[in-house]
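The lines below spell out each chain.
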Amino acid sequence: MSLVQGAHRETSPPAGARANLLAWPEFNQPAVWVVAAILLIMPFIASGFFLIEIFATTLILGTIALSLMFLAGYGGMVSLMQLTVAGFAAYMVAVFGMSANTNISLGWPWWLATPMALVLATIFGTLGGTLAVRTEGIYTIMITLAIGAAFYYFTNQNWAIFGGHTGINTIATPKFWGVDWRSDVPYYYVTLGVAAFCYFAVQYVSRAPFGLALQGVRDNPRRMAALGFNVNAHRVAAYAFASFIAALGGVLQVWNYRQISPGSVSVGACIDILIIAVVGGITRPIGPFIGAFIFVILRTFALDLLVKFGLDGNRFRLLIGLGFLAIVFWSSDGVIGLWERWRRRAADTHTRPSGGHGHG
Amino acid sequence: MTRFIERHPAWALILLIAVAVMLWLILAVWPPGLEEAIGRKRVFLNAVFNGITLGSLYFLVASGFTLIFGLMRNVNLAHGSLYLFGGYIGYAISVWTGSWVLGFIVAFIGVALVGVVLQIVVFRRMEGQDLRQTMVTIGLSIVFADLMLWVFGGDFYQIQTPNWLVGPIELPLVTALKSSGEAVYLRYPMVRLVIFVAAVVIGIAMWLALNRTRVGMMVRAGVDDRDMLAATGVPIQLVFVVVFALGAGLAGIAGVVGGTFQSISPGEDTRFLLASLVVVIVGGMGSIPGAALGAVIIGLAEQLGSVYIPTYAIVVTFLIMVLVLALRPQGLLARR
Numbered sequence: 013m014s015l016v017q018g019a020h021r022e023t024s025p026p027a028g029a030r031a032n033l034l035a036w037p038e039f040n041q042p043a044v045w046v047v048a049a050i051l052l053i054m055p056f057i058a059s060g061f062f063l064i065e066i067f068a069t070t071l072i073l074g075t076i077a078l079s080l081m082f083l084a085g086y087g088g089m090v091s092l093m094q095l096t097v098a099g100f101a102a103y104m105v106a107v108f109g110m111s112a113n114t115n116i117s118l119g120w121p122w123w124l125a126t127p128m129a130l131v132l133a134t135i136f137g138t139l140g141g142t143l144a145v146r147t148e149g150i151y152t153i154m155i156t157l158a159i160g161a162a163f164y165y166f167t168n169q170n171w172a173i174f175g176g177h178t179g180i181n182t183i184a185t186p187k188f189w190g191v192d193w194r195s196d197v198p199y200y201y202v203t204l205g206v207a208a209f210c211y212f213a214v215q216y217v218s219r220a221p222f223g224l225a226l227q228g229v230r231d232n233p234r235r236m237a238a239l240g241f242n243v244n245a246h247r248v249a250a251y252a253f254a255s256f257i258a259a260l261g262g263v264l265q266v267w268n269y270r271q272i273s274p275g276s277v278s279v280g281a282c283i284d285i286l287i288i289a290v291v292g293g294i295t296r297p298i299g300p301f302i303g304a305f306i307f308v309i310l311r312t313f314a315l316d317l318l319v320k321f322g323l324d325g326n327r328f329r330l331l332i333g334l335g336f337l338a339i340v341f342w343s344s345d346g347v348i349g350l351w352e353r354w355r356r357r358a359a360d361t362h363t364r365p366s367g368g369h370g371h372g
Numbered sequence: 165m166t167r168f169i170e171r172h173p174a175w176a177l178i179l180l181i182a183v184a185v186m187l188w189l190i191l192a193v194w195p196p197g198l199e200e201a202i203g204r205k206r207v208f209l210n211a212v213f214n215g216i217t218l219g220s221l222y223f224l225v226a227s228g229f230t231l232i233f234g235l236m237r238n239v240n241l242a243h244g245s246l247y248l249f250g251g252y253i254g255y256a257i258s259v260w261t262g263s264w265v266l267g268f269i270v271a272f273i274g275v276a277l278v279g280v281v282l283q284i285v286v287f288r289r290m291e292g293q294d295l296r297q298t299m300v301t302i303g304l305s306i307v308f309a310d311l312m313l314w315v316f317g318g319d320f321y322q323i324q325t326p327n328w329l330v331g332p333i334e335l336p337l338v339t340a341l342k343s344s345g346e347a348v349y350l351r352y353p354m355v356r357l358v359i360f361v362a363a364v365v366i367g368i369a370m371w372l373a374l375n376r377t378r379v380g381m382m383v384r385a386g387v388d389d390r391d392m393l394a395a396t397g398v399p400i401q402l403v404f405v406v407v408f409a410l411g412a413g414l415a416g417i418a419g420v421v422g423g424t425f426q427s428i429s430p431g432e433d434t435r436f437l438l439a440s441l442v443v444v445i446v447g448g449m450g451s452i453p454g455a456a457l458g459a460v461i462i463g464l465a466e467q468l469g470s471v472y473i474p475t476y477a478i479v480v481t482f483l484i485m486v487l488v489l490a491l492r493p494q495g496l497l498a499r500r
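Chains as they are written, first to last, in my numbering: chain A, 13 to 372; chain S, 165 to 500.
These are computed hints drawn from the structure, not numbers from a lab. Any given hint could turn out to be false.
Label-pair restraints from in silico Cβ distances [to be verified]:
no., chain 1, residue 1, chain 2, residue 2, range
1, A, A338, S, L335, 50 to 58 Å
2, A, L315, S, V315, 48 to 56 Å
3, A, R235, S, V365, 44 to 52 Å
4, S, V315, A, L310, 21 to 29 Å
5, S, Y349, A, A172, 33 to 41 Å
6, S, I190, A, A172, 30 to 38 Å
A short, non-exhaustive set of chain A residues, derived as facing chain S with CB atoms under 10 Å [claimed, not checked]:
no., residue
7, F62
8, L143
9, I150
10, N168
11, Y269
12, N326
13, G335
Computed from a predicted structure; not experimentally measured. Where is the CB? At the ideal position from N, CA and C, for every residue including glycine.
Looking at chain S on its own, in the form it has when it is part of the complex (with noise of 0.2 Å):
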């Protein structure tokens, strides 16, 4: 941090005051010249706050996609039928048992098995090939989407929301004043602030499990140098495939809450790969940190665009990649 201040002194003036601008539209009471040019202060209070969830939706699908690349070198374009097989699994067992958690459970497990399947049938047997491996996970996509299609059609599903969690909660955050001064606080669906307060627990378990454990420290150094790793002895074949198991499972469980959020149905995976390849790109290739950081970025560009510009809410996710790989090809965290 201190030395990306010594550094670049300029952009940290210039970050610092955005956070600042941004901190104050969130806490402060708009004035009323501000609520005419830009509109209500709870729509944009929304935004933020689903833009931030939004981001933390896909903070799950494309930490498990940087990480599979990151040790791997595998661009798994097949991660968004991952993410859909996910939430096809949660909706179909918390149908059939009624129990939200479970489908959770259930979907993490079962797209992880799917997830050592292909490290073990597919990709083992050509490691170190990146190219016919990305063709490889095209053409897995395109089969997974048909299959999907052919057993659950083209239809929607929602997958409920269990009853502890319906219903919105009124946060400490002011959007308004009624005329006899009594505050207005801002409510939001409890929902989403669990998944939020998840996933934050998800990144933060999972950088414990990368920086402080023995298989963690495997991992990373898989990332720097696989073949060295390999060369001292550690089966690097099961890191391998636990590896894929866990980020498979993380798309899983992302699956799940995609289908809580949203819904899912077919189309929906290559809308979370293009996603996770977005945010892959702008917060670096491998980097678990990054893959947050730019979660919560396009998350919110999407949502802030989606309410202020929204026919060209798109192109602002696009500028951002551009202004990244212009300003920064590797990426915003990316070592390097």
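Chain A with its partners taken away, still in its complex shape (with noise of 0.2 Å):
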């Protein structure tokens, strides 16, 4: 048996992939290459600021937020516990890596230093997961978010590992091949290739056996129990695949910031990756990179933009909270969800004319 599906195997792997690549919707959309292209040459149209600011920092954030997407969208899973995932692998990069604070950090190059921080915040996010998986649909919210929040304080409390409340400062980051990676171009390249890798990756399994069986244990657990799928080992291997994400995501941001503390663990900014998921929608993965883009710049220019208006520039928050009440009240599968409403919509009154009265 396992002979034939070897060898079955071996033969099939180029036609399957042509197949698979063609049949990706994403390649057939001549939009889907403008913005490819855009964000390939965006270094020759936007300046330093703008490209780590905001377009940087836009993709760090969508995949931290994707993870989430992945799990609620697919998995039915709602963890607020992605960003401390991220975090915690932020921090082990800082730990294993080089940093200002020589009495907790190891010193280990970053070639080393990354992966393990990786293979940690991994194992991290999967214990986390197979406790929430514990309880089901609301808990997980509770559960994930008493996680997140333990962390945060415990990183506050401990100055053995974790610096306690200032942190570990001026972390290395990588220089290879002569190039300093940490410089704009180089770093936005980095950012773009982790991000668009993560996207596929999550595109690949939401396809494969596996994500279909992950949407099917989302839809109907015991239907898929009674079905012979492992359950909880399904919703376990999605918390180890989106921890995966999200530690990406953590170790590019703490390249980018070259600093690590509490303050960026905090509940807040576990909140934060969950508005970003929704306002962006949780139904596709290039929702959260939408959400994270909108919040990027709200959070950049919405001081300047509330002072013009005459208010406070201080009540950023307020105006996300605002604005994210008004999603999870109007449209539940967020910015996507109202775009493609309007698609319809627009396609609805194109047709009526010639359709006829199909409409009852």
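Assembly of the complex is requested from the two constituent chains, each provided in isolation within its own frame, with the hints serving as guidance.
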């Protein structure tokens, strides 16, 4: 049996891969190619500030929110600890790598510290997920929020490993092949590459047997269990996959800011990730990136905008909160949902004259 | 109780031994060897009392949370904001009128009114969509936090303890023996004990109201099967509003208590939201006795942890949650 399967697998990949590539709807839409091209030539358009503060930050936050989108959209598990997993990875980079806090950092080279951080953060997220799948539905939010908050208070308390409330500063970033990978343009391409990798990984997994089974578990766990699927194993595996994506985002983030402190893993920041995912839309992997873009734009320019309208510039969070409430009230599938509804309506009005009296 | 002993004799024995050890630690005069090993008894007793009184504060916050959750399946993540709002109201009133008790009353009414408005304007529109309700409470908590930061700023406020409650009181618990053989008794802040007694009274009153009155019967029936209760003609929306008001009001009272014990400032909302989450996860969702048990356990763990293992104190709290989830995912005292 295994031999036959092996042979089958050996012959099929070229044909299968080509068929798969064409089957992906992303590659059939001209708009997608335009966006990809713009993202690729962005360093020639945007200056350093925009490149890092807007686009790289969007890609990083989008990647972390993507892990939440994967869990919530395909697994039906709204996890508020994705930023905590990312923050854990960031802390691990700081602890194993090089930083100004020499009494904490072990001083490993980046190519050793980074995989270590990714592995540990994935294990951390998987363990958290194992806890969270002990209960169902709405309880997941409570447990993951409790994990996130506990981690925040722990980093605040603990000086031996996490550097207390001042955190760890001046973390070394990778330099090799004669390139400083933290300088603006290379760093932008690194974040773009990682974000694209995560995006396509999520797309791929969502159509792979595992992803389909996960969506089955989301829709009807009892039926899937009756069909012989191990429901909890699928959920835990989903947490592991999402944790790895979040950890990638966390590593990028710590390379960006070169420091990590409890403020970066606060409960507010955890909730920001949820806001990003929900505002963008948790039905498609592109949603979190749209949400992150809106969030970053608002965060960067809200102050000027509010002041221009004669309001207090510090009320940025109020704006975010109200916007989030509006999205939850009127469009539960976020900006993507709004756009799709608008397109459907446009298509409706377009076809109505020719389609006759089909509406009833 | 007897059923528990019959079904889990080993656990019952372990619990019994733990309680006996705890009682001995509290009541007995410590032998010198023990004092050398884990420090003075006064420190231990203070931590235990702080833990229990902190637990009573947690109970006030978490009982409202669990009541709202049990009846309406609404995980109110804005509960911490209600707590903080209550604290600010209590502070403003006690400064304005100079009356501590009036602060409690106004905080209860004010926050309960906020709860009524929330239930009628927001949550009634999305009944049965628990995920969406939770998202809305998250959004509300952000908006409330920022509004309160706007109005009250980032300062710490402490509510003045009234004169008749200031100062320590001597308790009949021996902390040590002087060399002359004379016993030294524990002195403990009066206001904390009064708060503890008040929390116990509130807890018992709540239990009586739930188990001995007609409205309480409706609430309990609603926790078990909301749709069936509505079908029997009970004005369930009214019950919802009353419960939400009560839960929110309790959070408001807790805010005043917290402002007297400790202080109120931005960020406390998250702290008490986390506390009520953990208490309710440990004790069991929707159960008032569960909230009481969970609150005492978490309060004790937090205080003893911060005395004996200061940099890992939060881990103890967290481990308790993990242990409960691993052994009894529905919580210690939940029925399901």
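Taking the earlier hints as the rules, which of them does this structure contradict? Hints 2, 7, 11 are the ones this structure does not satisfy, whereas the remaining hints hold.
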